[in-house]
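*Asks:* Sequence:
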Amino acid sequence: MALESFIPVAQDSHFPIQNLPFGIFSTKTKVQPRVGVAIGEHILDLSSLVKAGLLNIEGCDGQVFSQSTLNEFMGLGRPVWRATRGRVQELLSSNNAELRDNQAVREDALVLQSEAQMHLPANIGDYTDFYCSREHATNVGIMFRGKDNALQPNWLHIPVGYHGRASSVVVSGTDIIRPAGQRVTPTNKTQPFFAPSARLDIELEVGWFVGKGNKLGQRIDVADAKDHIFGLVLMNDWSARDIQAWEYVPLGPFLGKNFGTTISPWIVTLDALEPFLVDGPSQASPEPLPYLKESQPSAYDVNLEVQLKPAESSEFHTVATSNLKYMYWSIMQQLAHHTVNGCNMRSGDMCGTGTLSGPNESEYGSFLELSWNGTKKLALPGGLERTFLQDGDEVNLTGYCQAKDGHRIGFGDCRGKILPCPYQ
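First residue of the sequence shown? That's 1 in this note's numbering, and the numbers climb one at a time after it.
These are computed hints drawn from the structure, not numbers from a lab.
Given the structure is predicted, the values throughout are model-derived calculations rather than measurements.
Any given hint could turn out to be false.
FRET-style restraints, in silico, Cβ to Cβ [as the list claims (entries may be wrong)]:
1. Gln390 to Pro250: 27 to 35 Å
2. Glu312 to Ala10: 25 to 33 Å
3. Arg87 to Asp405: 41 to 49 Å
4. Asp61 to Val278: 32 to 40 Å
5. Pro8 to Thr185: 30 to 38 Å
6. Asp101 to Thr29: 19 to 27 Å
7. Val184 to Gly59: 34 to 42 Å
Mimicking DSS-like on lysine-lysine, the simulated pairs with C-alpha atoms at most 25 Å apart in a straight line are [unchecked claim]:
8. Lys189 to Lys417
9. Lys147 to Lys376
10. Lys147 to Lys212
11. Lys309 to Lys147
Beta carbons: idealized from backbone N, C-alpha and C, even for Gly.
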């Protein structure tokens with residue numbers, strides 16, 4: 001018999017009892033941000049459960065659920081995360097009377113999501129962005145280097161990444177100001193000028209959070225990586241392609257990337273995603289070096305979607321769909337590679353997968369690819385067109401796993417609106 005909650009949950013909800021992602025929220029009546037779990041259209045306040053004596057987890061001081069970030073809870077390790085989620089699942093079960101029949105606790109602990117404000121789930125100390133979609137890397141390589149040299153020689157041997165800017169990671173719903181910087185023109189590629197970006201783009205990504213870190217000088221084995229990854233979020237790494245094109249040689253992205261990265265507020269745990277593990281792309285030729293080799297399925301079957309609401313419209317339109325399972329290097333391989341040199345990861349650190357494009361044009365995860373570097377216009381309903389983003393455009397990323405019994409394990413929304421640049 002399928003697990004059911006006593007709280008009504010719609011069939012297409014991203015947050016059934018099988019999910020129970022963690023996040024940080026506040027309300028007008030309780031302004032202090034605290035830890036909650038999403039269930040249907042509600043949030044279950046874990047600090048209220050502790051106060052009521054209903055959430056006592058071995059190895060976990062209940063005060064962690066009154067914190068304004070998940071860092072301390074994430075640092076307790078996977079056995080505590082798993083026990084907490086299991087206990088919450090038990091309390092929400094339709095055949096458990098502890099919370100179901102306690103009206104006073106229910107009224108204190110259950111909050112409508114529509115009446116809550118979501119916050120960044122963690123204090124992100126460090127942020128690394130990878131480049132792990134073979135389709136995306138190939139497309140970009142063809143655009144700028146040609147088909148014969150699309151992938152760099154190292155790409156099939158290492159999960160390529162760079163260190164991003166943690167201070168400009170924002171939660172879904174935060175407006176993004178169009179950046180300005182140095183650009184060049186196609187007719188004069190050596191003399192820059194200063195102006196707002198004219199090629200503002202998105203990147204459809206998934207972010208993952210480090211739970212329990214490692215000490216400086218030690219590494220995390222790929223076989224143990226799941227014990228160190230707390231969970232996943234959706235991520236939009238906004239990109240100014242014209243600024244990026246001028247600056248990226250020789251050290252990589254800088255101002256073209258660090259002006260804003262949006263993430264969804266709910267962290268979906270690896271335990272919730274476990275039923276959706278599948279084999280990823282073949283790594284048989286060439287085989288990874290031993291420290292990157294995996295023996296179990298390590299890709300996740302997560303349907304991803306890019307929605308655009310143009311400034312001239314009142315409706316969102318789907319412009320691309322993709323899937324996390326297309327990604328060449330798994331999140332476990334990413335973590336193993338990140339630490340193989342002894343780099344220490346800390347609770348709350350975040351990494352991005354890089355743009356997640358699929359094999360078909362409809363599955364490209366950036367406007368750079370959808371417009372093929374601005375050479376093709378993307379047709380939208382009502383006769384509208386886009387190559388890159390205009391002021392007033394709003395982008396929403398969403399994603400979910402589809403279970404055979406009909407329920408979904410979803411991530412909610414990852415949304416941001418472009419505001420005009422204040423500098424000319």
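*Asks:* None of the hints should be skipped; say for each whether it holds.
*Replies:* Hints, verified against the model:
1. Gln390 to Pro250: 27 to 35 Å: holds, 32 Å
2. Glu312 to Ala10: 25 to 33 Å: Given a distance of about 31 Å, which is inside 25 to 33 Å, the answer is holds.
3. Arg87 to Asp405: 41 to 49 Å: violated, 23 Å
4. Asp61 to Val278: 32 to 40 Å: holds, 37 Å
5. Pro8 to Thr185: 30 to 38 Å: With a Cβ separation near 57 Å, proline 8 and threonine 185 fall outside 30 to 38 Å, so the hint is violated.
6. Asp101 to Thr29: 19 to 27 Å: Since the Cβ atoms of aspartate 101 and threonine 29 sit about 24 Å apart, the hinted range of 19 to 27 Å holds.
7. Val184 to Gly59: 34 to 42 Å: Check failed, 56 Å falls outside 34 to 42 Å.
8. Lys189 to Lys417: violated, 31 Å
9. Lys147 to Lys376: holds, 19 Å
10. Lys147 to Lys212: Given pair lysine 147, lysine 212 is violated - Cα atoms ~41 Å apart, limit 25 Å.
11. Lys309 to Lys147: violated, 33 Å
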